[in-house]
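> Spelled out, the chains give:
Protein chains: 2
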Amino acid sequence: MGQLAGAELFTVVPEGSITTPKGFTAGGLHSGLKKSTRHDLGAIICSVPAAAAGVYTLNAFQAAPIKVTKQSIASSGLLRAVVVNSGNANACTGEQGEQDAFQMRNHFAEVFAVPEEQVAVASTGVIGELLKMDKLIGGIDQLPTHLGDDRNAAEQFCQAILTTDLVQKMICVQVEIDGRAVHIAGAAKGSGMIAPNMATMLGFVTTDAKIEGTVLETLLRQVTDLSFNMITVDGDTSTNDMLVAMASGLAENTSLTEAHPDLAKFVAGLRHVCEHLAKGIARDGEGATKLVEVQVQGAVSDEAAQAIAKTIVGSSLVKSAMFGADANWGRIIAAIGRAGQPVQVDTVDIALGSIQTLQQSKPVVFDEEAALEYLKGDTIIIHVDLHMADGAAKAWGCDLTYDYVRINAAYRT
Amino acid sequence: MGQLAGAELFTVVPEGSITTPKGFTAGGLHSGLKKSTRHDLGAIICSVPAAAAGVYTLNAFQAAPIKVTKQSIASSGLLRAVVVNSGNANACTGEQGEQDAFQMRNHFAEVFAVPEEQVAVASTGVIGELLKMDKLIGGIDQLPTHLGDDRNAAEQFCQAILTTDLVQKMICVQVEIDGRAVHIAGAAKGSGMIAPNMATMLGFVTTDAKIEGTVLETLLRQVTDLSFNMITVDGDTSTNDMLVAMASGLAENTSLTEAHPDLAKFVAGLRHVCEHLAKGIARDGEGATKLVEVQVQGAVSDEAAQAIAKTIVGSSLVKSAMFGADANWGRIIAAIGRAGQPVQVDTVDIALGSIQTLQQSKPVVFDEEAALEYLKGDTIIIHVDLHMADGAAKAWGCDLTYDYVRINAAYRT
Numbered sequence: 001m002g003q004l005a006g007a008e009l010f011t012v013v014p015e016g017s018i019t020t021p022k023g024f025t026a027g028g029l030h031s032g033l034k035k036s037t038r039h040d041l042g043a044i045i046c047s048v049p050a051a052a053a054g055v056y057t058l059n060a061f062q063a064a065p066i067k068v069t070k071q072s073i074a075s076s077g078l079l080r081a082v083v084v085n086s087g088n089a090n091a092c093t094g095e096q097g098e099q100d101a102f103q104m105r106n107h108f109a110e111v112f113a114v115p116e117e118q119v120a121v122a123s124t125g126v127i128g129e130l131l132k133m134d135k136l137i138g139g140i141d142q143l144p145t146h147l148g149d150d151r152n153a154a155e156q157f158c159q160a161i162l163t164t165d166l167v168q169k170m171i172c173v174q175v176e177i178d179g180r181a182v183h184i185a186g187a188a189k190g191s192g193m194i195a196p197n198m199a200t201m202l203g204f205v206t207t208d209a210k211i212e213g214t215v216l217e218t219l220l221r222q223v224t225d226l227s228f229n230m231i232t233v234d235g236d237t238s239t240n241d242m243l244v245a246m247a248s249g250l251a252e253n254t255s256l257t258e259a260h261p262d263l264a265k266f267v268a269g270l271r272h273v274c275e276h277l278a279k280g281i282a283r284d285g286e287g288a289t290k291l292v293e294v295q296v297q298g299a300v301s302d303e304a305a306q307a308i309a310k311t312i313v314g315s316s317l318v319k320s321a322m323f324g325a326d327a328n329w330g331r332i333i334a335a336i337g338r339a340g341q342p343v344q345v346d347t348v349d350i351a352l353g354s355i356q357t358l359q360q361s362k363p364v365v366f367d368e369e370a371a372l373e374y375l376k377g378d379t380i381i382i383h384v385d386l387h388m389a390d391g392a393a394k395a396w397g398c399d400l401t402y403d404y405v406r407i408n409a410a411y412r413t
Numbered sequence: 001m002g003q004l005a006g007a008e009l010f011t012v013v014p015e016g017s018i019t020t021p022k023g024f025t026a027g028g029l030h031s032g033l034k035k036s037t038r039h040d041l042g043a044i045i046c047s048v049p050a051a052a053a054g055v056y057t058l059n060a061f062q063a064a065p066i067k068v069t070k071q072s073i074a075s076s077g078l079l080r081a082v083v084v085n086s087g088n089a090n091a092c093t094g095e096q097g098e099q100d101a102f103q104m105r106n107h108f109a110e111v112f113a114v115p116e117e118q119v120a121v122a123s124t125g126v127i128g129e130l131l132k133m134d135k136l137i138g139g140i141d142q143l144p145t146h147l148g149d150d151r152n153a154a155e156q157f158c159q160a161i162l163t164t165d166l167v168q169k170m171i172c173v174q175v176e177i178d179g180r181a182v183h184i185a186g187a188a189k190g191s192g193m194i195a196p197n198m199a200t201m202l203g204f205v206t207t208d209a210k211i212e213g214t215v216l217e218t219l220l221r222q223v224t225d226l227s228f229n230m231i232t233v234d235g236d237t238s239t240n241d242m243l244v245a246m247a248s249g250l251a252e253n254t255s256l257t258e259a260h261p262d263l264a265k266f267v268a269g270l271r272h273v274c275e276h277l278a279k280g281i282a283r284d285g286e287g288a289t290k291l292v293e294v295q296v297q298g299a300v301s302d303e304a305a306q307a308i309a310k311t312i313v314g315s316s317l318v319k320s321a322m323f324g325a326d327a328n329w330g331r332i333i334a335a336i337g338r339a340g341q342p343v344q345v346d347t348v349d350i351a352l353g354s355i356q357t358l359q360q361s362k363p364v365v366f367d368e369e370a371a372l373e374y375l376k377g378d379t380i381i382i383h384v385d386l387h388m389a390d391g392a393a394k395a396w397g398c399d400l401t402y403d404y405v406r407i408n409a410a411y412r413t
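Which chain is which? The protein sequence lines are A and B, in order. First residue of the first sequence: 1, per my numbering; consecutive thereafter. First residue of the second sequence: 1, per my numbering; consecutive thereafter.
With the rest of the complex left out, here is chain A:
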């Protein structure tokens, strides 16, 4: 899987949403888990058993919903629905938390008359507090009248999964497989505790492609490594991260396998969906005023490039400089140097957008005014060329701002 998604292989569907792929409905509502009146409970439902795959947090303390969802997907590889709450992560809540997550799943299955092991659950919010089960159960009971297959219904779902996110993140692309229109869509939430290796991030992919769950899982992992695992907001990794994909198969293509001639189109579409959501999470990081993209090339391997790109985009000093629109490339080279990867000390180029600041490791006199103007923009691209070999990678993050501190100094209260 090269560094460039094949843009010609798919088209973005204007106004497309997670309910655009055939078979999916979605919705969201306020159940009372959040103190405010914001939505806090949502679901995506498939009219048929969908081939399913999941990718999960690597944090050793995995929250209860992670265990339940893993068990559901493992049991048959199929999902009829995913139900999600925000406002409470149901993490570090012990046996009671696990019972609550199972009850969340089972009550939903009862209400919607689907097999309980075909329901995934996800939670996001505060760690260490028990779910208010009365609110949750009451909310699930109301969900059937809050579902729809239009964009509005999908947006209600997106609202329901937000915590400190400011904007919804959703996209739908179309690819042609066996001459048929296949849709791949996704929705995500992010915001804080976002780091490489699955962030505090919930992601949901719907598609009407016909594909085996095992193939879907392999592709999902590959694409995650180049998208969600290449973003960082603050270097923290949550206990609740989960990316779940459901494939209804209603596009009726011949089943996608490694050998399918149109597989590359599906992968390109899936990658675009995940990359779009990942960049959306980075741009909407807690307190962020801009998206920072780091492009590393010329490294000894893609893995080395990835490590370097992540180190730069995760550096508090680089992030602060981006907030201040300060072309402080010294902090960028310091980050390159501590990434633990092979570098040549005298062949490094650094540019901010089109403004070269370091060439062959020597400072370039550049137009500070032009740099200031560029860095004041809402998207900054940092280019690094190590001139060693062909390893390349992209990573995304955001600036470090007063608002990040404000939000996180007072989240729980």
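Please note: incorrect hints may appear among the correct ones.
The list cannot tell twin chains apart, which means a pair is met if one copy fits it or any two copies do.
Once the Cα atoms are required to be at most 25 Å apart in a straight line, the calculated DSS-like pairs of lysine-lysine come out as [claimed, not checked]:
no.	residue 1	residue 2
1	LYS279	LYS376
2	LYS135	LYS362
3	LYS279	LYS135
4	LYS35	LYS290
5	LYS279	LYS290
Don't read these hints as lab results, they were simulated from the structure.
Once you have looked at the hints, place chain B on chain A.
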């Protein structure tokens, strides 16, 4: 080397300084490298060739003064002096930067009539700009009239090595070796770009102990791993970090070796000096309002405990919560879980000071008012017990504040 320095093995010298050990003079002045009128050039000089040792940054882009100092110490293991400037790091300055660092060393050697290979140089400040050599040379010419062997002279040196530090960091302890009083003292600067594995940190240790340079280096490395390498301000590691120790031998003890019966006293004293300076750097981190100490015990090994302690103290979310005086232990357990070390998910205790918040991985109902009161203090201790084995470690850091962002959004300009 256990986790507890033997407090009974040394005494802190009130009003002691880096000029308290016999043979040392020091001083500092404003040469014009900084735009302000603050000191920016300092030196420590020994009246005899001192056994010397250095520990350096692991950043791949090591600044020019690092190369020069390494060469000096390697040539004979002896130093007569170290000369330091602030305001400019002389890093990423290519061949010219290296020539400048050598000229800084050699001009100093000429002025003070000492062998050039017995002079160490250190620089701290902005990366990527050439040193103003006329200012530097002029400053070195004035240094001889700015030296002294009293505390005031030592403080002038401390002033000269500061960048965004707010307070000087200096200490002196006394140990008894062969029945003789031996002094060990240190001065340091830190502030930003401070991370495990030697921070943007300059540290200078003086002692009148008689000790071989190679023994001194071994001890310095061991002690650094438990002090300077256990602090983090922002996870960044600079290009210029350097810790240099000079031992005049004028206390006239029998030379310290691994077999010397009083070696433990010297190690305890050296460790206290380094730990005191490291904590001082953490407390004085950019924008910090408090010192955060993390004590981990019950880990599978000291190394595992170190990794976990560093991950907690480096977490932006934990740091923000400490700034906000929010007893958000969920972020602490999330940090433990992503440290990449063995943990048992159901045996973790967490306490903030004496306030237990998690016991056997279960939330404890605690007095929020008391927790708020404790977290408003200027020193926070986070206790973690994993209940697995005997591995233990301490790490130090600070809170993440609006001022960190303010300082680093506008440093270069």
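> Kindly indicate which numbered hints from before are broken by the structure, ordering the numbers from low to high.
3 and 4
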